[in-house]
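**Student:** Single-letter residue listing:
Number of protein chains: 2
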Amino acid sequence: MRNYAHPDLADVSIEHLLHALSDPVRLDIVRQLARNGEASCAALDGGRPKSSMSHHFRVLRSAGLVHTRIAGVQHMNTLRREEVDKRFPGLLGAVLRVAG
Amino acid sequence: MRNYAHPDLADVSIEHLLHALSDPVRLDIVRQLARNGEASCAALDGGRPKSSMSHHFRVLRSAGLVHTRIAGVQHMNTLRREEVDKRFPGLLGAVLRVAG
Numbered sequence: 001m002r003n004y005a006h007p008d009l010a011d012v013s014i015e016h017l018l019h020a021l022s023d024p025v026r027l028d029i030v031r032q033l034a035r036n037g038e039a040s041c042a043a044l045d046g047g048r049p050k051s052s053m054s055h056h057f058r059v060l061r062s063a064g065l066v067h068t069r070i071a072g073v074q075h076m077n078t079l080r081r082e083e084v085d086k087r088f089p090g091l092l093g094a095v096l097r098v099a100g
Numbered sequence: 001m002r003n004y005a006h007p008d009l010a011d012v013s014i015e016h017l018l019h020a021l022s023d024p025v026r027l028d029i030v031r032q033l034a035r036n037g038e039a040s041c042a043a044l045d046g047g048r049p050k051s052s053m054s055h056h057f058r059v060l061r062s063a064g065l066v067h068t069r070i071a072g073v074q075h076m077n078t079l080r081r082e083e084v085d086k087r088f089p090g091l092l093g094a095v096l097r098v099a100g
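Protein chains in written order, with UniProt numbering: chain A, 1 to 100; chain B, 1 to 100.
To be clear, the hints were calculated from the coordinates, so they are not data collected in a lab. Being a predicted model, the structure only gives us computed values, none of them experimental. Errors might be hidden in some of the hints.
You can't tell identical chains apart in this list, so a pair holds if it fits in one copy or across any two.
Below 25 Å or equal to it, Euclidean Cα-Cα: the simulated SDA-like pairs (lysine to any residue) are [what the hints assert, rightly or not]: (1) 50 / 98; (2) 50 / 19; (3) 50 / 70; (4) 50 / 36; (5) 50 / 86; (6) 86 / 76; (7) 86 / 11.
With these hints in hand, go ahead and build the complete structure from the sequences.
**Tutor:** Below, the structure written as structure tokens:
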């Protein structure tokens, strides 16, 4: 299977990033990755339907928030925290503090 | 004409707030209100169509970001900065710093 595409953070607008964070499922994924580090899609789905989760991960990748690498049959996700913080200083930290 | 309804910030979720901020027109309105204080809808529309602006102001009000009062024929808008900051400490400041 092919690898996923990940945008350069320079090409991500603040509106795009905020939109990606404006959904409870996606915000929860970001919160979990920030707290626990790399995790598989399966570990993050909370029992939600696979098709809906694929959509959410796609949105998170396109906003530069999540990196997904393929490791055998698993898709492993990490938060692109350093890059996001460099592009939007203080923003993700503020969201995560408020979102718990 | 009747007054507009404004939600209690306690009833606004972070996702709702982030969604309201995830559009360039709405983010621009918030930025202008933060910088310049109260302004009429006309002063904030940047020549955009009235129907589209009505939608954006409605979204901003429903997310607890903007208060609109009717003053004769004008609709005057303010940012509910203090209330938003109390409900979501540091969030709006971080967005505005990044959004310029």
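**Student:** Taking the hints in turn, state whether each one holds.
**Tutor:** Here is how each hint holds up against the structure:
no.: 1; hint: 50 / 98; in the structure: neither (28 Å within a copy, 34 Å between copies)
no.: 2; hint: 50 / 19; in the structure: both (21 Å within a copy, 24 Å between copies)
no.: 3; hint: 50 / 70; in the structure: within (16 Å within a copy, 48 Å between copies)
no.: 4; hint: 50 / 36; in the structure: within (21 Å within a copy, 46 Å between copies)
no.: 5; hint: 50 / 86; in the structure: neither (32 Å within a copy, 37 Å between copies)
no.: 6; hint: 86 / 76; in the structure: within (23 Å within a copy, 37 Å between copies)
no.: 7; hint: 86 / 11; in the structure: within (13 Å within a copy, 32 Å between copies)
In summary, the structure is inconsistent with hints 1 and 5 from the numbered list given earlier, while agreeing with the others.
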